[in-house]
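**Student:** Protein sequence lines, in the order shown, are assigned to chains Z, R, A and H. Each residue of the first sequence is one higher than the last, beginning at 1 in our numbering. Each residue of the second sequence is one higher than the last, beginning at 1 in our numbering. Each residue of the third sequence is one higher than the last, beginning at 1 in our numbering. Each residue of the fourth sequence is one higher than the last, beginning at 1 in our numbering.
In case anyone wonders, no lab produced these hints; they're calculated from the structure. These numbers were taken from a predicted model, which means no experiment stands behind them. Careful: at least some of the hints might be erroneous.
[As the list claims (entries may be wrong)] With a cut-off of at most 16 Å between alpha-carbon atoms, the simulated EDC-like pairs for lysine to aspartate or glutamate come out as follows:
1. LYS296(H) <-> GLU290(A)
2. LYS296(H) <-> GLU262(H)
3. LYS75(Z) <-> ASP57(Z)
4. LYS302(R) <-> GLU28(R)
5. LYS237(H) <-> ASP214(H)
6. LYS273(R) <-> ASP206(R)
7. LYS164(R) <-> ASP183(Z)
8. LYS23(H) <-> ASP90(R)
9. LYS296(H) <-> ASP289(A)
10. LYS62(A) <-> ASP27(Z)
11. LYS304(R) <-> ASP57(R)
12. LYS164(Z) <-> GLU222(Z)
13. LYS296(A) <-> ASP214(A)
14. LYS164(Z) <-> ASP183(R)
15. LYS205(H) <-> GLU254(H)
16. LYS304(R) <-> ASP291(R)
17. LYS23(A) <-> ASP183(Z)
18. LYS226(R) <-> ASP90(R)
19. LYS31(Z) <-> GLU301(Z)
20. LYS302(R) <-> GLU79(R)
21. LYS7(R) <-> ASP27(R)
22. LYS62(H) <-> GLU135(R)
23. LYS263(H) <-> GLU211(H)
24. LYS296(A) <-> GLU290(H)
25. LYS304(Z) <-> ASP27(Z)
26. LYS164(Z) <-> ASP183(Z)
27. LYS296(A) <-> ASP331(H)
28. LYS302(R) <-> ASP90(R)
29. LYS75(R) <-> ASP57(R)
30. LYS296(H) <-> GLU254(H)
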Amino acid sequence: MQLSRDKLLDAYTRMKKIRVFEETMRDEFAKGTVPAFIHLYIGQEAIATGICVELTDQDTISSTHRGHGHCIAKKSNLEKMTMEIFCRADGLCGGKGGSMHIADLSVGMLGANAIVGANAPIAVGAALKQRVTGENLVSVAFIGDGASNQGAVFESMNLASVLKLPVLFVFENNGYAEFTGIDYHCGGGDIAGRAGGFGMPSYKLDGSDFFAVQEAAAEAVERARKGEGPSAIECVAKRWYGHFEGDPQHYRTKEELATIRRDFDPLIIFRQKVEEAGLVEGKDLDMIDEDLSSQVSSAVEKAKNSPLPDVKELTTNVYEEGSY
Amino acid sequence: MQLSRDKLLDAYTRMKKIRVFEETMRDEFAKGTVPAFIHLYIGQEAIATGICVELTDQDTISSTHRGHGHCIAKKSNLEKMTMEIFCRADGLCGGKGGSMHIADLSVGMLGANAIVGANAPIAVGAALKQRVTGENLVSVAFIGDGASNQGAVFESMNLASVLKLPVLFVFENNGYAEFTGIDYHCGGGDIAGRAGGFGMPSYKLDGSDFFAVQEAAAEAVERARKGEGPSAIECVAKRWYGHFEGDPQHYRTKEELATIRRDFDPLIIFRQKVEEAGLVEGKDLDMIDEDLSSQVSSAVEKAKNSPLPDVKELTTNVYEEGSY
Amino acid sequence: MSIKTYRESIIEAMVLEMRRDEKVFVIGEDISGGRGCGDFDGEAAGGPMGLTQGLWAEFGAKRVIDTPISETAIMGAAAGAALSGLRPIAELMFSDFFGVCFDQIYNQAAKFRFMYGEQGATPLVIRTMIGAGIGAGPQHSQSPYSIFANIPGLKVVTPSNPYDAKGLLISAIRDNDPVMFCEHKALLGMEGEVPDEAYEVPLGKGRIIKEGNDITIVAIGQMVGIAQNCTSRLEEKGISVEIIDPRSLSPFDEEIVYDSVEKTGRLLVVDESNPVCSFGSWITSMVSDEVFSSLKAPTKVLTPPHCPVPAAPNLEATYLPNVDRIVEASDYLVNYS
Amino acid sequence: MSIKTYRESIIEAMVLEMRRDEKVFVIGEDISGGRGCGDFDGEAAGGPMGLTQGLWAEFGAKRVIDTPISETAIMGAAAGAALSGLRPIAELMFSDFFGVCFDQIYNQAAKFRFMYGEQGATPLVIRTMIGAGIGAGPQHSQSPYSIFANIPGLKVVTPSNPYDAKGLLISAIRDNDPVMFCEHKALLGMEGEVPDEAYEVPLGKGRIIKEGNDITIVAIGQMVGIAQNCTSRLEEKGISVEIIDPRSLSPFDEEIVYDSVEKTGRLLVVDESNPVCSFGSWITSMVSDEVFSSLKAPTKVLTPPHCPVPAAPNLEATYLPNVDRIVEASDYLVNYS
Ligand SMILES: Cc1ncc(C[n+]2csc(CCOP(=O)(O)OP(=O)(O)O)c2C)c(N)n1
Ligand SMILES: Cc1ncc(C[n+]2csc(CCOP(=O)(O)OP(=O)(O)O)c2C)c(N)n1
Ligand SMILES: [Mg+2]
Ligand SMILES: [Mg+2]
């Protein structure tokens with residue numbers, strides 16, 4: 001189905017925002033201002049965005065250690081999210097979570113997660129609302145290629161299938177689990193191919209192409225809302241940078257690294273498609289670019305200048321206040 | 001390949017021994033002499049036997065809570081095994097393991113296991129010998145249909161596939177996980193069908209038919225010994241009795257229970273096949289029957305009359321002696 | 001008010017809370033029992049121990065959810081459901097199985113509120129069976145509540161009788177944090193007076209089972225009854241014992257213990273946990289810090305030895321702390337000088 | 001003898017033992033690093049923390065085995081391999097991940113010998129990273145050794161310096177029981193004199209880091225260095241401190257602690273574990289029982305508070321026990337009356 005101009009601009013904005021944000025974080029990390037390791041989402045922008053444009057605020061996602069892109073695609077508050085990455089008092093989680101534990105339940109972002117694969121059952125749990133209280137919602141788990149080998153993920157796929165829950169298992173196959181390639185770590189080599197074994201329809205598609213992702217998401221979301229159960233979507237894309245910032249990537253060939261930006265840039269691919277089809281003009285996108293640059297740098301500056309948590313916060317929110 | 005007469009008699013002996021043993025245990029349980037819950041293997045005799053006749057003493061198996069049949073098929077010492085079920089000092093594990101934790105490493109029986117699915121990675125570990133020290137061995141994990149949904153099992157299949165290890169994943173689909181039917185608990189409904197997703201060949205066969213099991217086992221074992229990696233074998237059979245002894249089985253229809261013994265008796269099926277093909281005469285089998293009856297009842301009597309462990313044994317074998 | 005078993009009390013707590021709040025639901029293996037087997041006729045089994053009997057008949061498959069054998073998915077789904085505003089009761093059939101799914105409990109459910117801030121409230125109850133004494137062997141008889149209590153963000157409850165079982169479970173269900181609700185398998189058939197209506201026994205409030213002056217015995221779960229059985233033998237020896245059942249380990253009622261030890265000057269903890277880093281050692285450690293000056297004798301902890309639970313019935317009987325050992329230890333402490 | 005880092009000492013221990021015994025092998029995630037990515041050229045990364053650097057180049061893929069992200073399969077395979085006569089070193093990248101695979105450790109590897117009798121010997125080392133202090137956040141900074149020490153059948157080691165790291169790891173590899181070898185991430189770059197040849201530091205033997213008369217401080221892992229940093233400030237106050245590093249928590253050298261407390265009459269344990277049921281509480285509990293009559297003051301345990309490890313660097317710094325808190329507690333105990 002042809003997407004509206006607004007939806008296209010919205011999608012571009014989310015993708016570009018991720019790109020600009022992550023490039024900025026890369027610079028900040030190099031400068032030493034970021035308090036911990038970060039894992040950049042660059043190269044995978046079309047995946048989070050292609051999925052999230054099909055979701056409402058009532059729909060939920062559960063995310064990974066590489067979660068900045070998911071937050072932005074789900075329209076978390078950018079400033080508060082940035083503050084969280086810098087562990088500031090006014091961050092989404094009060095600075096106690098940090099980059100790998102950002103959550104924003106106000107927009108259905110159930111949290112990044114530093115335990116690989118652990119977010120899959122959590123997404124299944126959110127989907128239980130459809131069954132228990134009849135709420136209309138869809139729940140998405142973003143899962144790396146490496147994470148796809150975790151028991152938690154397999155069990156979740158089976159449970160969602162058995163209970164026919166409205167879950168999308170979105171596999172982000174960026175070719176690597178840390179330093180280990182998918183050709184090595186994935187028996188059979190085909191993540192999507194495993195879904196059939198759980199009685200679930202699946203897609204395997206180009207994760208650098210927003211439209212491929214979005215179309216599959218639209219179908220899967222519709223099925224889920226109708227009560228027809230879960231789907232698996234494997235999005236094949238590239239991780240442009242190291243596993244974490246600072247990773248020298250000895251395990252990747254120079255050729256691979258050289259061609260990535262040319263051939264697998266979700267933003268270039270999107271631009272070409274919409275401009276060629278005459279759906280959006282290049283200058284509209286350029287305006288978005290400009291706007292985002294200042295938005296992001298202001299968010300980062302604001303975050304860096306905002307206060308760290310008060311030390312009294314160390315022991316708050318362990319339990320409900322007054323209950324312990 | 002046509003099996004030799006000796007091998008056929010050996011197979012029958014193992015199957016029948018399991019049957020007689022388990023019927024006897026059933027009686028003993030009813031009499032109250034057994035110190036804990038037991039899970040009977042009756043109905044599945046052809047599975048353990050069809051697999052184990054293809055193994056040597058160097059080959060290993062890892063077993064489940066329903067492990068008596070595996071022990072017998074792997075030719076554990078019957079008397080010491082019985083003593084273990086009765087928790088006696090001279091049992092295979094000194095009486096501290098009991099029915100759900102019988103092991104006999106002298107014949108490659110790596111242990112029954114009361115944690116559903118937990119034996120799968122253990123079998124993978126034994127198979128690592130092929131890779132690390134070049135030993136010629138095959139390792140088998142017996143896994144229930146219910147257990148097939150455990151993360152441990154999926155991870156093990158993938159790991160064995162990635163490392164091309166000599167493992168047989170033998171799925172004993174007896175229709176139930178405790179009280180819950182396979183139609184409910186298994187997304188997609190096809191356990192063997194999941195193996196392909198891990199890049200592993202699979203079989204789905206009649207687990208009441210020794211010959212079906214044995215043929216698949218022979219193939220899979222050969223592949224494993226050659227270094228061609230793991231296989232999955234789903235054996236569909238019937239659990240004749242309750243999940244544990246004492247289970248009233250409200251969840252099974254009377255019709256189902258009525259026809260099982262007629263249509264799904266591995267011993268009857270075996271007898272018919274070998275007699276019809278003129279491979280073995282009925283009276284040879286009858287002789288085996290008689291012999292086993294007395295063997296089993298003597299083992300049980302001996303076990304019941306043997307001493308419980310000395311209370312000093314409570315704290316032995318926690319660590320290597322003298323090391324703690 | 002009527003006589004009910006510990007098992008019945010647990011079921012009743014769930015039934016009352018499920019009637020009260022449609023967000024409460026139960027999820028676990030075989031909790032309806034046979035639900036997935038098509039056209040069974042009889043009563044659904046309600047779990048191998050009958051602890052969810054009748055729930056499926058009243059609330060149906062939407063709120064009494066049978067699962068595959070996949071504890072990680074169960075606990076994770078329950079955690080995710082709680083984070084999203086439902087109030088799950090997840091069953092971990094035997095607490096011994098925590099090792100296959102603990103990440104979802106300790107790194108996820110227990111940390112959501114801290115990691116994510118207030119939005120991370122996680123009203124989750126995990127009902128699980130603990131304890132030795134019925135010959136269930138090394139992998140079905142453990143009492144890992146010391147491990148659970150070690151985890152910030154978790155609450156841990158260990159009812160010792162039917163009245164507390166019902167009241168504590170109702171409190172746990174209404175609580176907005178994850179609670180490990182540890183049911184002792186040897187107590188399932190225990191009977192007691194239990195009101196028919198809903199009531200709360202608050203988490204974090206211990207109970208003095210018996211007052212006394214010479215020694216404080218803190219006993220946990222199944223050990224409470226065993227400690228009570230010592231009373232007459234101790235009294236024969238002229239020892240007046242005060243017995244405390246903490247009822248919940250996390251939060252823990254430190255004050256009730258401190259007050260008692262300030263009075264008696266002596267502390268014995270009877271605990272079914274593994275000894276090293278046991279909950280008993282935590283209690284004595286706090287007492288040795290906070291009310292040291294009141295102590296007239298060493299503090300002592302009775303636990304099983306540092307070994308797994310053996311299958312053999314005679315070894316299992318020796319494994320558990322018993323009346324003889326409690327009497328002997330009390331005697332030692334009271335006569336210490 | 002030469003100066004080596006804690007990291008280098010760990011690698012050297014593995015290399016020497018792998019040369020000595022072909023049954024020793026290493027299995028884990030990314031331990032070669034990039035092995036599976038086809039034709040990479042440079043040096044294999046040897047894990048994200050470089051803790052297995054060089055192993056793949058020397059011993060090859062048969063004995064340096066990269067795996068998928070499947071900790072249950074890794075730990076279970078290691079357990080099964082050990083049960084079958086190999087001597088695996090399995091890497092659990094961060095100890096925080098124990099929750100996804102603990103069953104294979106605590107119900108399987110740790111119980112084989114007890115459940116199966118002598119045939120169940122399980123010579124397994126699990127190398128894992130513990131500790132806070134580098135901003136790794138709530139799920140990558142924990143120190144669950146109190147939980148490990150609770151488990152019968154497991155041994156638990158916590159080296160505090162390069163010399164011990166090498167000697168303890170060699171002992172652990174030669175040991176015939178499963179050992180949780182806890183490497184502290186904040187110590188990886190620590191340097192010290194380390195002999196080039198193989199040597200054993202026995203499990204179960206603590207070490208007196210510094211002798212003193214007024215108070216015994218038992219410190220674990222990273223806390224050892226912090227306790228050492230208190231010495232001069234305490235001496236300024238006229239307090240002579242004896243510092244003990246137990247080096248292994250299971251087995252634990254009780255005697256070295258008892259002897260010291262008998263001399264000093266005062267005990268402070270500094271422990272990075274969660275407080276409730278911490279290893280520190282276990283030590284003080286034993287001391288309050290066994291050498292009660294020597295105690296001149298309460299026993300004290302310093303741990304982080306009962307909360308997860310926060311991401312914010314200022315909170316993390318507050319979270320950890322530090323010199324100020326140790327000095328203050330020591331002062332309190334020495335002046336207690
Ligand atoms: C349970 C667990 N095991 C291992 C790790 C360490 N780890 C962090 S990220 C990662 C690789 C994840 O790969 P993938 O799922 O493909 O995600 P990507 O990094 O490519 O986004 C690993 C092994 C972890 N955090 N949790
Ligand atoms: C991890 C774990 N979860 C649950 C159980 C309880 N349990 C014991 S046997 C069983 C059913 C197993 O079903 P299946 O694998 O089909 O084996 P079968 O009993 O049919 O031989 C369950 C749920 C257990 N022992 N371990
Ligand atoms: Mg990846
Ligand atoms: Mg079954």
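**Student:** Look at each hint and say if it fits the structure.
**Tutor:** Okay, the hints, checked on the actual structure:
1. LYS296(H) <-> GLU290(A): Holds - the C-alpha atoms of GLU290(A) and LYS296(H) are around 14 Å apart, at most 16 Å.
2. LYS296(H) <-> GLU262(H): holds (10 Å)
3. LYS75(Z) <-> ASP57(Z): Holds, because 9 Å separates the two Cα atoms, which is no more than 16 Å.
4. LYS302(R) <-> GLU28(R): holds (13 Å)
5. LYS237(H) <-> ASP214(H): holds (11 Å)
6. LYS273(R) <-> ASP206(R): With Cα atoms ~14 Å apart, LYS273(R) and ASP206(R) stay inside 16 Å; holds.
7. LYS164(R) <-> ASP183(Z): holds (14 Å)
8. LYS23(H) <-> ASP90(R): Judged against 16 Å, a Cα distance of about 31 Å means the pair is violated.
9. LYS296(H) <-> ASP289(A): holds (12 Å)
10. LYS62(A) <-> ASP27(Z): violated (50 Å)
11. LYS304(R) <-> ASP57(R): The hint is violated at about 28 Å.
12. LYS164(Z) <-> GLU222(Z): Holds: LYS164(Z) and GLU222(Z) sit about 14 Å apart, inside 16 Å.
13. LYS296(A) <-> ASP214(A): Given pair LYS296(A), ASP214(A) holds - Cα atoms ~10 Å apart, limit 16 Å.
14. LYS164(Z) <-> ASP183(R): Between LYS164(Z) and ASP183(R) the Cα gap is close to 14 Å, so the pair holds against 16 Å.
15. LYS205(H) <-> GLU254(H): holds (9 Å)
16. LYS304(R) <-> ASP291(R): violated (20 Å)
17. LYS23(A) <-> ASP183(Z): violated (44 Å)
18. LYS226(R) <-> ASP90(R): violated (39 Å)
19. LYS31(Z) <-> GLU301(Z): Measuring from Cα to Cα gives roughly 13 Å; hence the hint holds.
20. LYS302(R) <-> GLU79(R): Answer holds: LYS302(R) to GLU79(R) is near 8 Å, not above 16 Å.
21. LYS7(R) <-> ASP27(R): violated (30 Å)
22. LYS62(H) <-> GLU135(R): Satisfied, since the Cα-Cα distance of roughly 12 Å is no more than 16 Å.
23. LYS263(H) <-> GLU211(H): holds (11 Å)
24. LYS296(A) <-> GLU290(H): With a Cα-Cα distance of about 14 Å, the restraint between LYS296(A) and GLU290(H) holds, given a limit of 16 Å.
25. LYS304(Z) <-> ASP27(Z): OK: LYS304(Z) and ASP27(Z) at ~13 Å, within 16 Å.
26. LYS164(Z) <-> ASP183(Z): Not OK: LYS164(Z) and ASP183(Z) at ~31 Å, beyond 16 Å, violated.
27. LYS296(A) <-> ASP331(H): Violated. LYS296(A) to ASP331(H) sits at ~24 Å, over the 16 Å cutoff.
28. LYS302(R) <-> ASP90(R): Judged against 16 Å, a Cα distance of about 11 Å means the pair holds.
29. LYS75(R) <-> ASP57(R): Distance ~9 Å between LYS75(R) and ASP57(R) Cα, so the pair holds.
30. LYS296(H) <-> GLU254(H): violated (19 Å)
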